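These protein sequence lines map, in sequence, to chains A and B. Residue 314 is where the first sequence ends in the working numbering, and the numbering goes up by one at each step. Residue 139 is where the second sequence ends in the working numbering, and the numbering goes up by one at each step.
Note that these hints are calculated values from the structure, not bench results. Predicted, not measured: the structure shown is a model, and the values here were computed from it. Please note that the accuracy of each hint is not assured.
Stated by the list, open to error - Non-contacting residues of chain B with respect to chain A, defined by C-beta distances greater than 12 Å in every case (computed):
| # | residue |
| --- | --- |
| 1 | Arg5 |
| 2 | Gly21 |
| 3 | Ala32 |
| 4 | Thr44 |
| 5 | Ser66 |
| 6 | Asp100 |
| 7 | Ala112 |
| 8 | Pro116 |
| 9 | Glu122 |
| 10 | Trp126 |
| 11 | Ile134 |
Said to hold, decoys possible - Heads up, simulated DMTMM-like pairs for lysine to aspartate or glutamate below, C-alpha to C-alpha not over 20 Å straight-line:
| # | chain 1 | residue 1 | chain 2 | residue 2 |
| --- | --- | --- | --- | --- |
| 12 | B | Lys23 | A | Asp30 |
| 13 | B | Lys81 | A | Asp17 |
| 14 | A | Lys275 | A | Glu286 |
| 15 | B | Lys128 | A | Asp30 |
| 16 | B | Lys81 | A | Asp108 |
| 17 | A | Lys205 | A | Glu186 |
| 18 | A | Lys312 | A | Glu286 |
| 19 | A | Lys48 | A | Glu258 |
| 20 | A | Lys275 | A | Asp31 |
| 21 | A | Lys43 | A | Glu15 |
| 22 | B | Lys81 | B | Glu46 |
For each residue, glycine too, the CB sits at the ideal point set by N, CA and C.
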Amino acid sequence: MNKEVLDQWIARSFERDRRATAKLISWVEDDIERAHIMRSVLKETGRKMVVGITGPPGAGKSSLVEALTKLYRARDERVGIVAVDPSSPYTGGAILGDRIRMQAHGTDRDVFIRSMGTRGHLGGVTRSTSDVLRILEGGGYGRLLLETVGVGQSELEIMQMADTVVVVLNPGTGDGIQAIKAGIMEVADVFVVNKADLPGAERMKNDIEMMLNLNGDTRPWRPPVVLTSVITETGVESLYEKIEAHQCYMLETGQRDERRKERLRQEVWRHWEDKMRAVYETVWEEAREERVILHQDDPYQLAQMLWEERFKGG
Amino acid sequence: MNKTRIRVLVGKPGLDGHDRGAKVIARMLRDAGMEVIYSGLHQTPEQIVEAAIQEDVDLIGVSVLSGAHMTIFPRIKELLKEQNAEDILLMGGGTIPEEDIVSLIEAGHAEALFTPGATSTEIVSWIKSKLESIKEDVV
Ligand code: B12
Ligand SMILES: Nc1nc2c(ncn2[C@@H]2O[C@H](COP(=O)(O)OP(=O)(O)OP(=O)(O)O)[C@@H](O)[C@H]2O)c(=O)[nH]1
Ligand SMILES: [Mg+2]
Numbered sequence: 001m002n003k004e005v006l007d008q009w010i011a012r013s014f015e016r017d018r019r020a021t022a023k024l025i026s027w028v029e030d031d032i033e034r035a036h037i038m039r040s041v042l043k044e045t046g047r048k049m050v051v052g053i054t055g056p057p058g059a060g061k062s063s064l065v066e067a068l069t070k071l072y073r074a075r076d077e078r079v080g081i082v083a084v085d086p087s088s089p090y091t092g093g094a095i096l097g098d099r100i101r102m103q104a105h106g107t108d109r110d111v112f113i114r115s116m117g118t119r120g121h122l123g124g125v126t127r128s129t130s131d132v133l134r135i136l137e138g139g140g141y142g143r144l145l146l147e148t149v150g151v152g153q154s155e156l157e158i159m160q161m162a163d164t165v166v167v168v169l170n171p172g173t174g175d176g177i178q179a180i181k182a183g184i185m186e187v188a189d190v191f192v193v194n195k196a197d198l199p200g201a202e203r204m205k206n207d208i209e210m211m212l213n214l215n216g217d218t219r220p221w222r223p224p225v226v227l228t229s230v231i232t233e234t235g236v237e238s239l240y241e242k243i244e245a246h247q248c249y250m251l252e253t254g255q256r257d258e259r260r261k262e263r264l265r266q267e268v269w270r271h272w273e274d275k276m277r278a279v280y281e282t283v284w285e286e287a288r289e290e291r292v293i294l295h296q297d298d299p300y301q302l303a304q305m306l307w308e309e310r311f312k313g314g
Numbered sequence: 001m002n003k004t005r006i007r008v009l010v011g012k013p014g015l016d017g018h019d020r021g022a023k024v025i026a027r028m029l030r031d032a033g034m035e036v037i038y039s040g041l042h043q044t045p046e047q048i049v050e051a052a053i054q055e056d057v058d059l060i061g062v063s064v065l066s067g068a069h070m071t072i073f074p075r076i077k078e079l080l081k082e083q084n085a086e087d088i089l090l091m092g093g094g095t096i097p098e099e100d101i102v103s104l105i106e107a108g109h110a111e112a113l114f115t116p117g118a119t120s121t122e123i124v125s126w127i128k129s130k131l132e133s134i135k136e137d138v139v
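Looking at chain A on its own, in the form it has when it is part of the complex (with noise of 0.2 Å):
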């Protein structure tokens, strides 16, 4: 694509329109010019929070991220929703359903929602991800929320964009137990205990209390508990101002730059893996032709022996 044609674009998306912010979206998804696009975004954004929202299947995410886009709303905040689904692995096609739950604000255009397959490929669904962000604060969208089913390693990579984890779970069910196992609690700022209008709510509260008991958390920031039901629509203006609070506490006590740091560390290194893959596969190339015997190599020695001819021999 003509440099100055997707200059154009650029510049409409920050003019807020809606075309130019979903189809640089695209492109970067697509890999499309995606370093040219992310040098004008990045040099416009970074100031604005992310809520991340992560949870097992169906524990009512999509509702919450509706139910809050409602409280930001009416204090005239404009919102940009990302939300994240899985790929097949077998034919990269995925169907994207969160919209169903997101209905209310389907002709707000100061809401913009976002589907996102998470295309499979190591490590890409969480570079886009970030980058898709940052495309929607420079289009002019300052609440930035982004939904993941939180149940595996790379739903956790997601969670890492934001500045606060908001976990989602369900009375009644072995949701706490999963969690554990799936390793999000850890990643909680914010835990919901959401569909309180059923039976058990309560009781599940206290479980993860007594887990965050038992963890010895000494963090200054213990992560709340808050009951909500999107059905009764209670709890969502007492997770409205947890969220607030969390943020104060990220930027007061410069948690965000350490995290934001972190994240930049993981990121270059993930540009530095592409990298890295490519010079292997050139590495292994040769020495496929030459030397592999299979059966015989041992792997341990000839990526060692590889390793030091690429690098250290010079």
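Model the placement of chain B with the ligands on the given structure of chain A, informed by the hints.
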């Protein structure tokens, strides 16, 4: 060469509760490797078009089994035009009589319409060949 993934919005306009077809189509397109944004039941044409813009889809697919096709398709096309988003294609399906299909297509109110019994091969190959023919000259 960058392979861009096909993105499709599948929605059900109006009060029509027949969502089986829409769900079948969503799964069919997912299995063909596309990203399907499923927006569910009871959508207004305005919601459908706004979602299509934000999601930057290549095409919109609506399923109509309520008999309201003669108003829904022209309305969506009109809204796309208002938003300068005419490059987003519109296809659909459901219980639509043959003569209505002819007149909707001729008037440019939809690019393709499919009726009960339409197969995955028919639908997927139509989408792929249609998009291949136009994607090249998209900036
Ligand atoms: C199952 C069914 C129901 C189920 C629906 C269950 C559900 N959740 O979907 C129930 C029992 C609930 C139901 C209720 C009603 N129904 Co009914 N129903 C049917 C029936 C028998 C089959 C529909 C179906 O699911 N087919 C299977 C799917 C896979 O096929 P499909 O949707 O046609 O999709 C295929 C193609 O059309 C195409 N396609 C469809 N959508 C799309 C979209 C895209 C993007 C693409 C590419 C292709 C595509 O591809 C698909 C695969 O081949 C039809 C009869 C018929 N012959 O279609 C009547 C029918 C649709 N129903 C009808 C009526 C009148 C009703 C009721 C009003 C009855 C009443 N008086 O209460 C209610 C209304 C409900 C409501 N809220 O809207 C009429 C509609 C008449 C009209 N168009 O004017 C029909 C045609 C029966 C008839 N001959 O009178 N119904
Ligand atoms: N009883 C009750 N049901 C709820 C509540 N919140 C959401 N639900 C229902 O739970 C189901 C899932 O809600 P979603 O908001 O789609 O959940 P999700 O976590 O986004 O789901 P995925 O994105 O599919 O993982 C829907 O049927 C909602 O209506 C609640 O507070 N109480
Ligand atoms: Mg959801």
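Against the structure, the hints:
Non-interface status of Arg5 (chain B) relative to chain A is broken: a Cβ of that chain comes within 12 Å, the nearest being about 7 Å off. Gly21 (chain B), annotated as away from the interface, keeps every beta carbon of chain A farther than 12 Å; the closest lies near 15 Å. Remark: the non-interface label on Ala32 (chain B) conflicts with the geometry, its nearest Cβ contact in chain A lying 6 Å away (cut-off 12 Å). Remark: the non-interface label on Thr44 (chain B) conflicts with the geometry, its nearest Cβ contact in chain A lying 7 Å away (cut-off 12 Å).
Annotated as non-interface, Ser66 (chain B) keeps its C-beta farther than 12 Å from every C-beta of chain A; the closest such distance is 19 Å. With a closest Cβ-Cβ approach of about 27 Å to chain A, Asp100 (chain B) is found to remain outside the 12 Å limit, as its non-interface label requires. Non-interface call for Ala112 (chain B) relative to chain A: holds, since the shortest CB-CB distance, roughly 20 Å, exceeds 12 Å. With a minimum CB-CB distance of about 22 Å to chain A, Pro116 (chain B) clears the 12 Å threshold, and the non-interface call stands.
The Cβ of Glu122 (chain B) lies farther than 12 Å from every Cβ of chain A, with a closest approach of about 18 Å, so its non-interface assignment holds. No Cβ of chain A approaches the Cβ of Trp126 (chain B) within 12 Å, the least distance being about 17 Å, so the stated non-interface status holds. Ile134 (chain B), annotated as away from the interface, keeps every beta carbon of chain A farther than 12 Å; the closest lies near 15 Å. At roughly 26 Å between alpha-carbon atoms, Lys23 (chain B) and Asp30 (chain A) are farther apart than 20 Å, so this suggested pair is violated.
With a C-alpha separation of about 16 Å, the suggested pair Lys81 (chain B) and Asp17 (chain A) falls inside the 20 Å cut-off, and the hint holds. With a CA separation close to 17 Å, the supplied pair Lys275 (chain A) and Glu286 (chain A) stays within the 20 Å bound. For a cut-off of 20 Å, the pair hint linking Lys128 (chain B) to Asp30 (chain A) stands: about 18 Å separates their Cα positions. With a CA separation close to 19 Å, the supplied pair Lys81 (chain B) and Asp108 (chain A) stays within the 20 Å bound.
A C-alpha spacing of about 16 Å is found between Lys205 (chain A) and Glu186 (chain A), which places the hinted pair at or below 20 Å, so the restraint holds. A threshold of 20 Å between alpha carbons decides the hint, and for Lys312 (chain A) with Glu286 (chain A) the separation of about 17 Å falls inside it, so the pair holds. A hinted pair counts as satisfied when its Cα atoms are at most 20 Å apart, and Lys48 (chain A) with Glu258 (chain A) qualifies at roughly 15 Å. Of the supplied pair hints, the one linking Lys275 (chain A) and Asp31 (chain A) holds, its CA atoms being roughly 15 Å apart against a limit of 20 Å.
Taking the CA atoms of Lys43 (chain A) and Glu15 (chain A), the gap is near 15 Å; set against the 20 Å cutoff, the hint holds. A threshold of 20 Å between alpha carbons decides the hint, and for Lys81 (chain B) with Glu46 (chain B) the separation of about 12 Å falls inside it, so the pair holds.
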